[in-house]
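Participant: Chain residues, written in single-letter form:
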Amino acid sequence: MQRLSWLKILAYVIFQWGSFAGIGFAQTVTISGYVEDSSSGERIPAASVFIPKLHIGATTNQYGFYSLTTDSSSYLFMVSHIGYDAQFNRLHLLKDTTVTFTLNPRVMTLEDMEVVAPRETAIDEIQMSRHEISIEEIEILPVVFGEIDIQKTLQLLPGVQSGIEGSSGLYIRGGRADQNLILLDGLPLYNPNHLFGFFSVFNASAMKGVELIKGGFPARFGGRLSSVVNYTMKEGNLKRFGGESSLGLISSRLMIEGPIAKNRASFLLAGRSTYINPFLRLFSDPQNEYRMGFYDLNFKANYILSQKNRFYVSAYAGQDKFSFLERRFATEFRKFAVDWHNRLVSLRWNWLIGDHLFANSLLGITQYRFRSTSESEDLDDSGRIAYENSWLSEILDWTAKIDFEYAPNPRHYLRFGAEGILHRFSPGTTQTRLDESNRPPLTLLQTPTGILPSLELALYVEDEIQVLPILQVSTGIRLSGYSAQEKQSYSIEPRFALNVRAGNHTAIKASFARSKQYIHLLTGGGAAIPTDLWIPSMERLSPQKGYQIALGIVNSIQDGRYQVSIEGYYKRMRGNIEYTLGSDRFRSAFFDWPDLVENGLGSAYGLELFIRKKHGYLRGWAGYTWARSVRQFPFLNQGQSFPDGYDRRHDISIVLQYQLSESTHISAAWIYGSGYPVWVYTGRFAVGAWSEHGFGYPYSALETGPVNSARAPNYHRLDFTIHFKKQRSWAERTITLGVYNAYNRQNPMFIYPRDDDSSNTSVISYHQLSLLQLIPALSLQYSF
Amino acid sequence: MRKLVLILLITWFSACESMVDLEIPDGYQSKLIIESYFSSDSIWSMRVGKSVHLLDTSDFSDLIVPNAQVIISGRNNFSDTLEYDGSGFYRSVHNHYPQSGINYTAEVIAPGFPGTISSSQAPLLRSELLEIRYISRDDSLQTDEYAIRFKVEDQSGPNYYTLALYQVAPVCYLENWGSVIRDDPKYSIRLWGLRFRSSYPDFHSYIETVDDPTIPELGFYDYGFPYFSDQLFEARTQEFELRFDATYLNTIGPHFMIQLQALSVDLFAYERSIVIQDLFISEPNFSDKNPNLLYSNVQNGLGVFAGYTTKRHQVSADGGTWNEAALGVVRGELQDCEE
Numbered sequence: 045m046q047r048l049s050w051l052k053i054l055a056y057v058i059f060q061w062g063s064f065a066g067i068g069f070a071q072t073v074t075i076s077g078y079v080e081d082s083s084s085g086e087r088i089p090a091a092s093v094f095i096p097k098l099h100i101g102a103t104t105n106q107y108g109f110y111s112l113t114t115d116s117s118s119y120l121f122m123v124s125h126i127g128y129d130a131q132f133n134r135l136h137l138l139k140d141t142t143v144t145f146t147l148n149p150r151v152m153t154l155e156d157m158e159v160v161a162p163r164e165t166a167i168d169e170i171q172m173s174r175h176e177i178s179i180e181e182i183e184i185l186p187v188v189f190g191e192i193d194i195q196k197t198l199q200l201l202p203g204v205q206s207g208i209e210g211s212s213g214l215y216i217r218g219g220r221a222d223q224n225l226i227l228l229d230g231l232p233l234y235n236p237n238h239l240f241g242f243f244s245v246f247n248a249s250a251m252k253g254v255e256l257i258k259g260g261f262p263a264r265f266g267g268r269l270s271s272v273v274n275y276t277m278k279e280g281n282l283k284r285f286g287g288e289s290s291l292g293l294i295s296s297r298l299m300i301e302g303p304i305a306k307n308r309a310s311f312l313l314a315g316r317s318t319y320i321n322p323f324l325r326l327f328s329d330p331q332n333e334y335r336m337g338f339y340d341l342n343f344k345a346n347y348i349l350s351q352k353n354r355f356y357v358s359a360y361a362g363q364d365k366f367s368f369l370e371r372r373f374a375t376e377f378r379k380f381a382v383d384w385h386n387r388l389v390s391l392r393w394n395w396l397i398g399d400h401l402f403a404n405s406l407l408g409i410t411q412y413r414f415r416s417t418s419e420s421e422d423l424d425d426s427g428r429i430a431y432e433n434s435w436l437s438e439i440l441d442w443t444a445k446i447d448f449e450y451a452p453n454p455r456h457y458l459r460f461g462a463e464g465i466l467h468r469f470s471p472g473t474t475q476t477r478l479d480e481s482n483r484p485p486l487t488l489l490q491t492p493t494g495i496l497p498s499l500e501l502a503l504y505v506e507d508e509i510q511v512l513p514i515l516q517v518s519t520g521i522r523l524s525g526y527s528a529q530e531k532q533s534y535s536i537e538p539r540f541a542l543n544v545r546a547g548n549h550t551a552i553k554a555s556f557a558r559s560k561q562y563i564h565l566l567t568g569g570g571a572a573i574p575t576d577l578w579i580p581s582m583e584r585l586s587p588q589k590g591y592q593i594a595l596g597i598v599n600s601i602q603d604g605r606y607q608v609s610i611e612g613y614y615k616r617m618r619g620n621i622e623y624t625l626g627s628d629r630f631r632s633a634f635f636d637w638p639d640l641v642e643n644g645l646g647s648a649y650g651l652e653l654f655i656r657k658k659h660g661y662l663r664g665w666a667g668y669t670w671a672r673s674v675r676q677f678p679f680l681n682q683g684q685s686f687p688d689g690y691d692r693r694h695d696i697s698i699v700l701q702y703q704l705s706e707s708t709h710i711s712a713a714w715i716y717g718s719g720y721p722v723w724v725y726t727g728r729f730a731v732g733a734w735s736e737h738g739f740g741y742p743y744s745a746l747e748t749g750p751v752n753s754a755r756a757p758n759y760h761r762l763d764f765t766i767h768f769k770k771q772r773s774w775a776e777r778t779i780t781l782g783v784y785n786a787y788n789r790q791n792p793m794f795i796y797p798r799d800d801d802s803s804n805t806s807v808i809s810y811h812q813l814s815l816l817q818l819i820p821a822l823s824l825q826y827s828f
Numbered sequence: 037m038r039k040l041v042l043i044l045l046i047t048w049f050s051a052c053e054s055m056v057d058l059e060i061p062d063g064y065q066s067k068l069i070i071e072s073y074f075s076s077d078s079i080w081s082m083r084v085g086k087s088v089h090l091l092d093t094s095d096f097s098d099l100i101v102p103n104a105q106v107i108i109s110g111r112n113n114f115s116d117t118l119e120y121d122g123s124g125f126y127r128s129v130h131n132h133y134p135q136s137g138i139n140y141t142a143e144v145i146a147p148g149f150p151g152t153i154s155s156s157q158a159p160l161l162r163s164e165l166l167e168i169r170y171i172s173r174d175d176s177l178q179t180d181e182y183a184i185r186f187k188v189e190d191q192s193g194p195n196y197y198t199l200a201l202y203q204v205a206p207v208c209y210l211e212n213w214g215s216v217i218r219d220d221p222k223y224s225i226r227l228w229g230l231r232f233r234s235s236y237p238d239f240h241s242y243i244e245t246v247d248d249p250t251i252p253e254l255g256f257y258d259y260g261f262p263y264f265s266d267q268l269f270e271a272r273t274q275e276f277e278l279r280f281d282a283t284y285l286n287t288i289g290p291h292f293m294i295q296l297q298a299l300s301v302d303l304f305a306y307e308r309s310i311v312i313q314d315l316f317i318s319e320p321n322f323s324d325k326n327p328n329l330l331y332s333n334v335q336n337g338l339g340v341f342a343g344y345t346t347k348r349h350q351v352s353a354d355g356g357t358w359n360e361a362a363l364g365v366v367r368g369e370l371q372d373c374e375e
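Protein chains in written order, with the working numbering: chain A, 45 to 828; chain B, 37 to 375.
Same shape as in the complex, but just chain A (with noise of 0.2 angstroms):
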């Protein structure tokens, strides 16, 4: 019997492997094209498109694309996703044929919120240690100052922590903020964030979803360690014009969309700016003055060629200021300023090439630049002195690649590709202007660490395949390439994923990936500071390269209305850098970063557990971390291992939504945190500094201790929202209520030693720095 029951699998193998080579045993024809959404002409990715009868059925893919491959029969197809009403054809299929479905966007009432039974995706699909929220999800959610903020969501996940206080990093899985490959349709940006960190640069109005990948990364994503945080903008309407504004508490919103073209054509322009300057007043004096200010451009058009042709242009510029102006007496004035920017621009064309494959190329160039410059001016009898001195620090990417995917069969998916990334870093640029009356001005530029090109390729392919009726296997690998200066680099990079379905509702799942990154950030690891550098890989800097293993469990209880899952993780890191001791780090544009910068390892484990309610009136997910996160430097901590300093032991949120009446839902976030580590000093001692006359007056003097031996207090916060919609004549009026932090407990944000000096001793505390206490929130927001 048993040996009856291997034959079986054995002919079942040889069966898919024979249609994978394309022998064929019956006729076969194959059903490809696009879901799109009805009412905008909006392609619609992670669509069902499912043949109910013989249990077969193909996802959409990022773009919209589809391809099933069954026998010449006549079939009930059934096309869904959520938030749109299914829809069911009956097709006969004679031949392979071009099939773009329509889905309409479900109203939802109160009485079949509860009704709605979704295809379980989570334990159908093999890539585990994925999020995936969309838009509509996080526009309900607790905001900060009105502001909508997906980075913050994503935070809300397990595995997932911001870092300091109130910041939109994303530090995952014992991984750094460097380490996630942060994508605006397909293009890297270096920094997400505006206003130092508390406010990440993506538009709400302009995104279409976020995918995040903790873990298990396919073959087609390369180049960090941590994660994928996969950003796609909405491609613009293409049946009617609409838009969006919102009114906000520190900054507004506004996005128009629509056709150019009916059918054929469209854009989407979105903008937001914040009015914080005046508030920043109510803090200036004649004397002082302090400005700041943010805005974002989002762009997209896509124009449709043929129904097997589309090509897309997104762009996306957003730029922070901050100056601060100080006039002494009417003659004199000194100004210092910060700004820093983000630009891309991608060309993207989608090709059908046949009935099974489908192409994606870009082409496109992403700019990141930051400058700091200070200004004086003096007036005097004798004339005029203007000085000003700038510092530049610029990347520029310039990005090809091309992805094809291939679906010879329902239970086979082959993707492969290559890509290239020509970096331009610029690391320090310095200006020095000087204009003094009767004097032919004078400008000198600088660039002490030069220009530094460096060029990464890749090539990759992934083959999905359905083994078994209880078997989904992915094999993939990545080989990359890399070259700056004298260094050049290769990387065989193996991923692999399984997933076994144990019951109807239950799938475990595991994975592996190994992946190379050849660029860092130095940073002391405080605030968001944009002077952070990103440097290449060099002589003497090493890139970074590591492994994950994951294990996990996926169960679907109730027909789908929740969801399940525990995963467990081990990540193993090489090439972390860390300052050395007593680098001057604010300086570290100038200098040779290999002497700056020490080389160590790192781990992280842990195990996490999620449980998701998607559909109902309730909706929400709970999240529990457990994890650690320790580095290892030779020159630090005497060689021991350390906790890293975003090790948290535990980690929770609690998210939960709950629709009052159709026109009314209130949405809460509860976000428990146990303390960072923090690195303290452990001793004290009396020092009289040096000075031309021999010791000067004693003062204290602070040993450090173990790295990161000691924690922060615990951080929770409890935030609130309630939204109230309003269908007007011409549009529909959303008016929300928030607040962050409601309880008003006082988080830690930094931690520092505070000498209360004395004349004869020294009385050394700790204290806690504390922003982002109760904060309300308000906005207006008009969608037409």
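For the record, the hints were derived by calculation from the structure and aren't laboratory data. By construction, the Cβ of each residue, glycine as well, lies at the ideal position given by its N, Cα and C atoms. Check the hints yourself; a few may be wrong.
So the derived label-pair ranges between C-beta atoms look like this [stated by the list, open to error]: (1) B:192 / A:670: 55 to 61 angstroms; (2) A:420 / B:213: 22 to 28 angstroms; (3) B:53 / A:514: 54 to 60 angstroms; (4) A:496 / B:215: 46 to 52 angstroms; (5) B:141 / A:488: 43 to 49 angstroms; (6) B:151 / A:496: 46 to 52 angstroms.
Since the structure of chain A is already known, use the hints to place chain B on it.
Facilitator: Here is chain B on its own, set in the frame of chain A:
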């Protein structure tokens, strides 16, 4: 720069500071603190102290170690055991002076502490005054402008220097102003620090910035007591020209002094680390989570044993030299200015 930005942010977000009770790791072991800045100008001396647990509130006066054995040794079997002289200081009773360019070792043993050992030397310093010249008078400011040139012969390896310029003048103390020149013979003759201008691109007013790259030469900048390194003249001779405005006086003629000091790498690194640590005690460091570590060249202890060498060029406006005793230059507390 970063501090400025983020202090502003704190204000804006209505920050709140509160004391926290962190668990400082137990089992703290007190260490000997050695401080000896030696030069050929003064006999051997060292201050020996001890460290205590961070939360210990002992007075500074309790942090000295009076019962240590301090032995300085050098080449040719030189050895001097320093005697305790109060307030934590140990001094040579044999009138021994350090010599520049010679490596010395200090061993300190005290009951209850691990013994420490450290080595350093006072760098060699060769410098020569080349010229002083009068440029012009500004009657509105009662000053004469001079230019002074000198050269420094750099030794191979990293070297750090400080520079100071003085005028010999009667000085008194004026409330709310501090010390001021008063052209009146009733006030004592002092060395009065002068600011100067120089086109040399690598003078730094702050020790923290000394290793920065050079700022482009844009003209003459104004300096007080700058630090500089030999990054632009490694193992070569470098000429410097300083321009300065000296108050013209009836009480005493125009006499000036250039004081040049060569600091050992140990002294420079220790001083810089103390300054940087002091900057970030009592206020949050937003850009860096980690504490600022102090440099030390003392094995099994903390502090520094480091040398420096001073060279002084005393020159009058006519190019001649002078000496402090002849001009009656004194040091110590200033007398108050009379209105």
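Participant: Take the hints in turn and mark each one as holding or not.
Facilitator: Now for the hints, and whether the structure bears them out:
Distance hint check: the CB atoms of residue 192 (chain B) and residue 670 (chain A) are about 56 angstroms apart, consistent with the given range 55 to 61 angstroms. Checked against the hint of 22 to 28 angstroms, the pair residue 420 (chain A) and residue 213 (chain B) passes, with Cβ atoms roughly 25 angstroms apart. Remark: the range hint 54 to 60 angstroms for residue 53 (chain B) to residue 514 (chain A) is upheld by a beta-carbon distance near 58 angstroms. Distance hint for residue 496 (chain A) and residue 215 (chain B): a CB-CB separation of about 51 angstroms, consistent with the stated range 46 to 52 angstroms.
In this structure the hint that residue 141 (chain B) and residue 488 (chain A) lie 43 to 49 angstroms apart at CB holds, the actual value being about 47 angstroms. For the pair residue 151 (chain B) and residue 496 (chain A), the supplied restraint of 46 to 52 angstroms holds, since their beta-carbon distance comes to about 48 angstroms.
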